[in-house]
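Asker: Each chain is listed here by its residues.
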Amino acid sequence: MEFTQLIARKHLRWQRTIGWMVAALVIISGIYLMVGELFINPFGSLSALEQQLITQLRLPRLFAALAIGASLAVSGAVLQVLLGNVLAEPGVLGISGGASVMMVMLMFFLPTLATPAGFMVAAVIGAMLFTLLLVTLTRALRLTTTRLLLIGVALGILASSVVTWAFYFSDDMSLRILMYWLMGSIGGASWYQHVLTLFTLPVMIWLCCQGSLLDKLMMGETHAKQLGVDVEGVRWKLILAVSILVGGAVALGGVISFVGLVVPHLLRLALGTENRYLVPISALAGASLLAFSDIVARTALDSAELPLGVVTTTIGAPIFVWMLVKNHDAR
Amino acid sequence: MMHVNSLSVGSRLLPLSFDAKPGEVIHVIGPNGSGKSTLLSAVAGLLDCQGDIELDGVNLNHVSIAQLADYRAFLIQSDRPAFNLEVAHYLALSIPANSANSAQEIEQVVVELAETLAVKDKLHRSVHQLSGGEWQRVRLCAICLQVWPTLNPYAKLLILDEPAAPLDIGQEALLYQLIEKDAAMGLTVLMSNHDLNRTLKHADRAILLDKGVMQAFGSVEEVLSPERLASVFNTPVQRVQVGNKQILLFD
Chain A
17 MEFTQLIARK HLRWQRTIGW MVAALVIISG IYLMVGELFI NPFGSLSALE QQLITQLRLP
77 RLFAALAIGA SLAVSGAVLQ VLLGNVLAEP GVLGISGGAS VMMVMLMFFL PTLATPAGFM
137 VAAVIGAMLF TLLLVTLTRA LRLTTTRLLL IGVALGILAS SVVTWAFYFS DDMSLRILMY
197 WLMGSIGGAS WYQHVLTLFT LPVMIWLCCQ GSLLDKLMMG ETHAKQLGVD VEGVRWKLIL
257 AVSILVGGAV ALGGVISFVG LVVPHLLRLA LGTENRYLVP ISALAGASLL AFSDIVARTA
317 LDSAELPLGV VTTTIGAPIF VWMLVKNHDA R
Chain B
583 MMHVNSLSVG SRLLPLSFDA KPGEVIHVIG PNGSGKSTLL SAVAGLLDCQ GDIELDGVNL
643 NHVSIAQLAD YRAFLIQSDR PAFNLEVAHY LALSIPANSA NSAQEIEQVV VELAETLAVK
703 DKLHRSVHQL SGGEWQRVRL CAICLQVWPT LNPYAKLLIL DEPAAPLDIG QEALLYQLIE
763 KDAAMGLTVL MSNHDLNRTL KHADRAILLD KGVMQAFGSV EEVLSPERLA SVFNTPVQRV
823 QVGNKQILLF D
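In order, the protein sequences belong to chains A and B. Position 13, counted from 1, in the first sequence is what this note's numbering calls 29; the numbers after and before it change by one each time, with no gaps. Position 68, counted from 1, in the second sequence is what this note's numbering calls 650; the numbers after and before it change by one each time, with no gaps.
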């Protein structure tokens, strides 16, 4: 029973990891709610202030961190399969940038539509345009990893130049909102914004169920088609799903890089590439990582706060460099 | 029974017709760029084409991609995937979706296939650690798994594009053993091949292509005549008898 055993052993290992990840997520979330400017003892009785603090500030913020982390990690994992490239990531490839550009344009040209829903739609459209551009280029020009990354970086620069223009022409209020997006921060997260999470959650769950399809797609498009996957149709659905996730994440917390790259990539290295498990575990690990980063962002400085994007970039960029140097991609 | 009726792909493959019986091994031969891969992709349903392909009364033009995967398997000439995964996982992806077999039966088939192709000790390895020949045999294993008649009752056709390309002569012998096994179970095998002596020895019938045109279709004896090969491949060809074997000699 060698073959069956091998498969079963692998499944067991994945399932155990899921257990660990859920535990880590619960513990980190618990700590998240406790620590801060005011330490809240979970075992004592809560004062009215502490209750307010938890339900109105820390809880929505925690959910925002979890939603963004999970969205980015899942979209990173799916994007890697979609582009056939283990170093693909929405932040690095400029897709998050695309989303922020559309949001900036919305803010300047159609200020009446600048509601959370409006921002979400704009961010999704921006993310989709950039994803489409990348997928088309990758397929038409058969881009190698290096070229794909270069084009992504160029798109990112393009996006940030548009945002810089916006800086130049903005007044004090919109300047602050712009800074918020650019650095990535969830300091202002409120329950109202979680309307967005309601949209991203079903998409995320749908993607988590596409494991076997992603597995087949991962083996190359012709082989996938040969195995009975309608590659063209599936590609569109995946692009749309990734765009909704990235758009939602950007609308919630701005441009937060490297979560989508580091999380699925390290999981692949450590455990393998079974997407049926990899995608949900990426979601759990991404959520944990972002919650942890936000704890750092909230507590690292006395009576001040670091932008969340800065923390993830500080953690993620060295790992990215290490990945490039080790050259894990196969092409 | 498979009937291919005036199948054509733009100017890359001009209309051609042939048929094949269950259990028959048909080789597609011809110079590089003569349209062998185009023909195979078109028959596999992965390429837009004109004409009809009928498999046991089912017209494949009207069948969905997902259903096609039950009827036929197609080994493309491909490079490695960008992702690293275990051989066992790779094989598991090719187990027919409609198979109602127990894990034990699947296990049996996988082990039988892996033993035939001498890759049983590679099941736990990751794909990127395999040599070219090992990877090709693992792919062959997966393709055969997809249309193995005991697992997939709808399976009718096995299409292989240059399956022997990265294999050495010993591994090539394993490949031809496997193809014989598949054919003996009632699959039609359609494959392109560069080694004409192998075609002479192992094929039931052959299709000779040149510049997208079918030059000949029929028994191997007939299609692989030295004169015809010499004119198509533009090189002198001799057919000699060694012992009781026919062998083609090239300049």
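Treat the hints with care, since some could be wrong.
Stated by the list, open to error - Once the Cα atoms are required to be at most 20 Å apart in a straight line, the calculated SDA-like pairs of lysine to any residue come out as: (1) A:253 with B:646; (2) B:763 with B:646; (3) A:26 with B:689; (4) A:342 with B:646.
Claimed, not checked - Residues on chain A that point at chain B, a partial pick, calculated with CB under 7 Å: (5) 100; (6) 165; (7) 169; (8) 236.
If you're looking for bench data, these hints aren't it; they were derived computationally from the structure. Glycine included, each C-beta is placed from N, C-alpha and C at the ideal position.
Asker: Does each hint fit the structure? Answer for all of them.
Answerer: The hints, checked one at a time:
1. Annotation: proposed proximity of residue 253 of chain A to residue 646 of chain B holds, straight-line Cα distance about 18 Å (limit 20 Å).
2. A threshold of 20 Å between alpha carbons decides the hint, and for residue 763 of chain B with residue 646 of chain B the separation of about 28 Å lies outside it, so the pair is violated.
3. As the CA atoms of residue 26 of chain A and residue 689 of chain B are separated by approximately 16 Å, the hinted pair is consistent with the 20 Å bound.
4. Distance hint between residue 342 of chain A and residue 646 of chain B is unfulfilled; the C-alpha atoms sit about 42 Å from each other, more than 20 Å.
5. Evaluation of the residue 100 of chain A hint against chain B yields a held restraint, the C-beta minimum of about 5 Å falling below 7 Å.
6. Interface hint status for residue 165 of chain A: violated, as the beta-carbon distance to the closest one in chain B is roughly 14 Å, over 7 Å.
7. With a cut of 7 Å, the hint placing residue 169 of chain A at the interface with chain B is violated, because the nearest CB-to-CB distance is about 20 Å.
8. At a threshold of 7 Å, the smallest CB-CB gap from residue 236 of chain A to chain B is about 6 Å, leaving the interface hint in force.
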